[in-house]
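Asker: Quick note, the sequences are listed as chains L and B, same order.
Each residue of the first sequence is one higher than the one before, counting from 1 in the numbering used here.
Each residue of the second sequence is one higher than the one before, counting from 1 in the numbering used here.
Bear in mind the hints are in silico, worked out from the structure with no lab data behind them.
Be aware that one or more of the hints could be misleading.
To be verified - List time: in silico DSS-like cross-link candidates among lysine-lysine, alpha-carbon distance up to 27 angstroms:
no.	chain 1	residue 1	chain 2	residue 2
1	B	36	B	26
2	B	4	B	26
3	B	239	B	264
4	L	23	L	72
5	L	73	L	23
6	B	239	L	72
7	B	247	L	73
8	B	247	B	26
9	B	26	L	73
What the hints assert, rightly or not - Coverage of chain B stretches by chain L, computed from C-beta distances (three or more under 8 angstroms per stretch; other residues unrestricted):
no.	stretch
10	280-293
11	305-317
Backbone N, C-alpha and C define an ideal beta-carbon position, used for all residues, glycine too.
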Amino acid sequence: MTIFTCTLLGFLVVCAIAASLSKNLLNTILIFMSYSLVMSIIWILLESPDLAITEAAVGAGVTTVLFVVTLKKIHAVIKSDEETKKTGEGNGENE
Amino acid sequence: MSKKVSQEQYENTFSYRFGRWLDGVKDPFLDTVEMKPQEEFHEDEETVRQHGEDIRQHIQHAYDLEHNAEVKIFRKIYKIFSILFCVFLVAMLLEAVSELPTFGEAENPVNNEVAERYIEKGLQETGAVNIVTGMILDYRAFDTLGESHVLFIATCTVLILLRVDKKGGQENIEADDRHYEPKDDVILQTVARLLVPPIFIFGIYVILAGHLGPGGGFSGGAVIGAGLILYQNAFGFTKTERFFTAKTYRIMSFGALACYSIAKSYSFYTGANHIESVIPLGNPGAILSSGLILLLNICVGIVVAGTMYTFYAMFRRGGY
């Protein structure tokens, strides 16, 4: 059980660093969402299931949706789509 | 026996006017308070140019560090005082921290009788099997009332900031993103049809069983709010508007907060005056037990679910 907990905690740290370093805003939101999901599992392991329910609903669910809607509003999603298309083409040439 | 009242008499009653005010049909200030129409403010170019010149001269004078002695003195004093203030603040905080009891000592306030009483007598006094719920909705219900109001105020702020006026016109096309909505996405709709009922039932279960097991008003309300958002995403605003509009939210949150306040006022009144409360604690473990906690959980759940969905609707298109 401790190995499992340690793995999750390590994943949490990796997620936190990756979320702040990621250039693509949509990726940041997805990483943040996985952070919340892992956090809710850790709450269960720490024997507080009520917090786990709240974390899963608010952290992984509603907050992510609000972030994505905001990105859509400021047209960041469309832009990043174009960027990925460009980089995707670049990678294709390299391969 | 109710007596028949003419329409004119009925319109003079308080309840009629209150109902109209609540529905937003009539603004009590309109046509009764004298209002002056605002005129557009005009200024000729000469004075505007003169003002600009004056401001530029003032700025030049103020930032001319070599010739302005006042600024030099002010900057020196500013630096000294800021350092003094920081030192004072640090000293004060360190002094306060040094007064704290040593970490991990047995006679610390953390280990005093309050926590023990919560654990030992919580079941007897609140009737809630779940000690956490008993604590936050009985011993510390005042905090939870404040939290519910914070949520309500947050919604009001979001409404003020993001609400789009329907009378607007051209500029609202940007804010209203109805045209982004997926048009009858089969996968999303099928998944939503399967998932939304279990999500709602789970949320209701979490709210109703808050005093028996893990959960409570906030978690259950958040789950129901997430379910509402999923339903809206799959089927669009026209379908959610059939059962959830701005008016529904107003009535729901007002009713829930008022109910919470009244219920808690009653228990504070009886508690402060040492009067026996008439609300039975019931049999611990039964669904209808632990006094007011079930009612308070339902109230908090309603407020939270409405708030979650309102946030989403406001972010999406500035309205319901």
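Asker: Look at each hint and say if it fits the structure.
Answerer: Okay, the hints, checked on the actual structure:
1. B:36 with B:26: holds (19 angstroms)
2. B:4 with B:26: holds (25 angstroms)
3. B:239 with B:264: Violated, at roughly 36 angstroms.
4. L:23 with L:72: holds (17 angstroms)
5. L:73 with L:23: holds (19 angstroms)
6. B:239 with L:72: holds (22 angstroms)
7. B:247 with L:73: holds (26 angstroms)
8. B:247 with B:26: Holds. Residue 247 of chain B to residue 26 of chain B sits at ~15 angstroms (cutoff 27 angstroms).
9. B:26 with L:73: violated (34 angstroms)
10. 280-293: With 0 residues in contact (Cβ-Cβ under 8 angstroms with chain L), the coverage given for the stretch 280-293 of chain B is violated.
11. 305-317: With 5 residues close enough to chain L, the hint holds.
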